Amino acid sequence: MQQSLLSLFLILSGIIILVFILVYLSSIQSQPQQGMKNPLQKRFWFITIMVVVLGMFFFITIPKSPYYLYANEQPARIVHTVSSQFVFLMSNQDIDPAQPMGENIELNTNELVEFRVTSLDVTHGFGIYNDKYELVAQTQAMPGYVNKLRWKFSEPGKYYILCLEYCGSGHQVMKSFFNVK
Amino acid sequence: METKKLNKITALWIVAILVLFILSIILGIIMRLNQGELIKIQPPTFYADMTTHGVTMIGIWFVAGMAAVNYFMERYVKTSYTANMFAMVMTVIGVVMLWLSTLVGNFHAGWTFLYPLPFKIMWSTWATPLFLWSIGVFGIGWFVWTISLMAAMLKKYSMSQVLAWQHFGKKDPEVSTPPFVLISMISLIGVLTCLIAAVILLILLFAEYYSGGTFKNDALLIKNLTYFFGHTIANEMLYLGLAVIYELFPEVSGRPKLKTTWYVALAWNLTLFFVLAAFFHHLYMDFVQPEGLQIIGQLASYLASLPSSGVTVFSIIVVVFRNKINWSLTNSLFFIGIVGWVVGGVGAVIDATISNNFILHNTLWVPAHFHTYNAMGNVLFSLGFFHWFSKYATNHSLPDKYSFVKLAILIIGGVGFLLAFYIAGADSVPRRYSTYPKGLESAKTLAAVGGVFAIVYLTGILSFFVNISKRCLNVLFQRS
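Chains L and X, in that order, are what the protein sequence lines are.
Under the numbering used here, the first residue of the first sequence is numbered 1, with each subsequent residue one higher.
Under the numbering used here, the first residue of the second sequence is numbered 1001, with each subsequent residue one higher.
Isolated chain X, as found in the complex:
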């Protein structure tokens, strides 16, 4: 793909993602302020807002990872502009369909649209098929993009090379697989697998919807498929972000590129399997699920943390520890993002322990930990890339102004917002409640406090948005 075309499509992704991110944060703030009884919206509106917030956030941070991976992939292999643009068009159409179904049609079955809730119509009848088709439209666009990137890599590397198997037992193999290529492929295999699960899920749901009541699904099977898709895509988007960090962190820090070694290759190959089996932890409280799968869920959730902490996090620490590096806003965002990712991981491992999940499942502990590794992890990975790209593509070499203040606002807002979730989770406050019943004493206050800190976090995001989007719009509309 030509550099100019690549820059333009990447800039378009960044602006679209940031605009949708800001709108989705506002939806999130509305929810917390309503729970804190500082504003008042009706429950159906709250839940439609919640559904929009959830699907949009998952979607935009997934495509953010994909856009960044596509951008750097061009350094190694030739990627398809058509596939990238197709994914963009399908994502935009999907977002329009999604927002129409929720904000106009009032569809409010949650981002997990747990069967059979989408079919218990409490909204405009057309909203259910429109919502499901929006997921289908996203899926088609992302499926084509994923296949296209995988095919581009497999044109240059064999399957075993792209998975870095030649690094097992050899210190310097003839072909060295860059870590970026390895991690991207591992993540894309995971993405492809969960998109296939999504296709099966949608076929089953459509079969019931269009059968006129003659075909009924099995709730447990659909729940397994839903979380295989939902959990896996949420994890893979993090790994796409990590691929970018492997590529960019040493580069902007003035350090040598990270290399694939046998333990990096082994860790990422194992990660693929651990992540694909970890989704069972979403079904711990379904006691009819076979016990073996529940135990696999805890084991896989624990094991998934080993390669990520022992290899990825440790590699970043090795790059930084007692090394004079060029600190900039980009690698500061990456570094803080790694901290957010690890801390969120601790919250996740605690919740992925079955005996803890018994008293934490579906309390606010759950949004606490996934917001930690998203809002203070993955978002910072992508913001770091967006910031770097917007400067690099516009040859902007002036130092960043007010970096410390911007980071401080983001951290203060993020930590306050997250702590309100964790404390409420430990106080047994249920998640996904539009308002709280009497008796849950701390819930209302913590929601209001969380909402106020979320506004601070939004202020931090806006401070990044202004400069990044201005430069990206320049890339988009420059003629030569």
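Same shape as in the complex, but just chain L:
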């Protein structure tokens, strides 16, 4: 998915750069002051096309937002996650903030999992990476709040948790994992 977005970005950027090069060349090569014919009309069409394209993107992408993922299904598993500098603790049970303890987590493919993510100190990021280190899902871990992230893992394997919000001098080593069978 990320690679498709990179391709989209590179294609759009290429088109933009090409348009500006052509505009520049038209200035170098033109007879004095020919100018653009009907600029107002062209501007109108340009904005109209932009509105249509962005409107389409908006209405297509909003339903795919993570807040609506599996919203009408009951989760088969709930994984409680507590973050603190610089560890993630995960458990099938509620985690007591006074004595936080984690356990190894093993999930099944295609079961709906709800991660309930919070933090005991500063804001952290809860980024789920697959075994190829591709980011597949994320939410933030914020003190005083519980973010609920629902996800189904279609591929078995080892999944890593990396911190995706800068949280201090050990941010880069804050890592955990769970297995999906």
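No lab work stands behind these hints: they were computed from the structure.
Every clue listed holds true.
Chain L stretches covered by chain X per the calculated footprint, using a threshold of three residues with CB under 8 Å from any CB of chain X:
1) 115-127
2) 133-141
3) 170-178
Cross-link-like lysine-lysine pairs, in silico, DSS-like; alpha carbons within 25 Å at most:
4) K42(L) x K1171(X)
5) K42(L) x K1259(X)
6) K1444(X) x K175(L)
7) K37(L) x K1170(X)
8) K1438(X) x K158(L)
9) K42(L) x K1324(X)
10) K175(L) x K152(L)
11) K37(L) x K1171(X)
12) K1223(X) x K148(L)
13) K1120(X) x K175(L)
14) K1438(X) x K175(L)
15) K148(L) x K1216(X)
16) K1223(X) x K175(L)
17) K1170(X) x K42(L)
18) K1444(X) x K132(L)
19) K1040(X) x K175(L)
20) K1438(X) x K132(L)
21) K1444(X) x K158(L)
22) K42(L) x K1257(X)
23) K181(L) x K1438(X)
24) K1324(X) x K37(L)
25) K1257(X) x K37(L)
Because the structure is a prediction, the values reported are computed rather than measured.
For each residue, glycine too, the CB sits at the ideal point set by N, CA and C.
Dock chain X against the given chain L, drawing on the hints supplied.
Leaving out everything else, chain X in the frame of chain L:
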């Protein structure tokens, strides 16, 4: 303000900004080379370096826009030298406090100093209040400057005139608002709003810091305030740069001045609201934030791109397309800067789509797009002004030497440096990591490549710095 005084203070701003810019680029290069494991610094040093780099860059390019706007504002209204100088003094004091807190005190909570990280002391205890006070000192100086410029405009124009409302429905109103005045006012209202948010933010943080643990803030509220301030000021500094382009691009190109029409007036008035609501996209991954605000965030981020592309970018294209214009280093920098701004905008709109943000948020895609519209957009807008000013104020009329080479170095360095960010972002590499864990295969190599291209970009900046600063120092120290 007298021309001589205005020239001197503007020249002083330019030299100070360029020196701080070069130092901050070096900090950035150190970070990328450390991530690429070509050099080795300790994580706290890396993050203190990162914090210094972020706050300094935002600060200097904001004041660059303000200094340029103040310079051209004098063409329309009388501005205050005292306010300009006050902002300069406060900015210098703020920078000294900031650099002491980070580079000596080792404060490293990042430029966003996301609550409650500043209070989890991992540095000298005095560094936290010093850092927060440095933000306060910047804020006071910039607040006074902003109010002073707004008041100067409102002495000549009424509020509705300065916002060009008389252009709605009338082709040739009695009073025509210059686009420069309109865009400056729109930007300054945004600046004022985000500075007020910064004041509230700092009051809340100081209340907790000095309460001795009896008062606690709400992390979500503080995060909203932080990004309302941070996102908005970063956007407004771009718009200040655009005000300068509206004023200067046609002038140096030998084309008639751009005029305010109903659609220019409408676009910029709408931009004010869209930009103020777009900051919600920084909180997409906080699922406890009300969903309505998340959707407003995506909508406002999309809508903000319409006036800017359909009016500003299109206006520049109309000026250039099939028109013989006087190409110089100044308008070439503006033109390339517009391209960088638009391309960065595409990267930003992709990331501002909630379903994309789910897999891009806080990866290197984020610094990729904001470095695009800063390093290859806003910086070029300001460099174009700096170059033009340094020649204009010293009556330097000789043609620019080696313009093509200078621009080529800047573009090659900039594009290579940015591509390394984008590719790493698409490879899911997290941002703000001092070093990368095993498994993120491409991260180290891309960081090293990005660092090397950043050195090329720095070389390009140095080539501009030498001539611009030499001429600005002449302005500063000339007696008559």
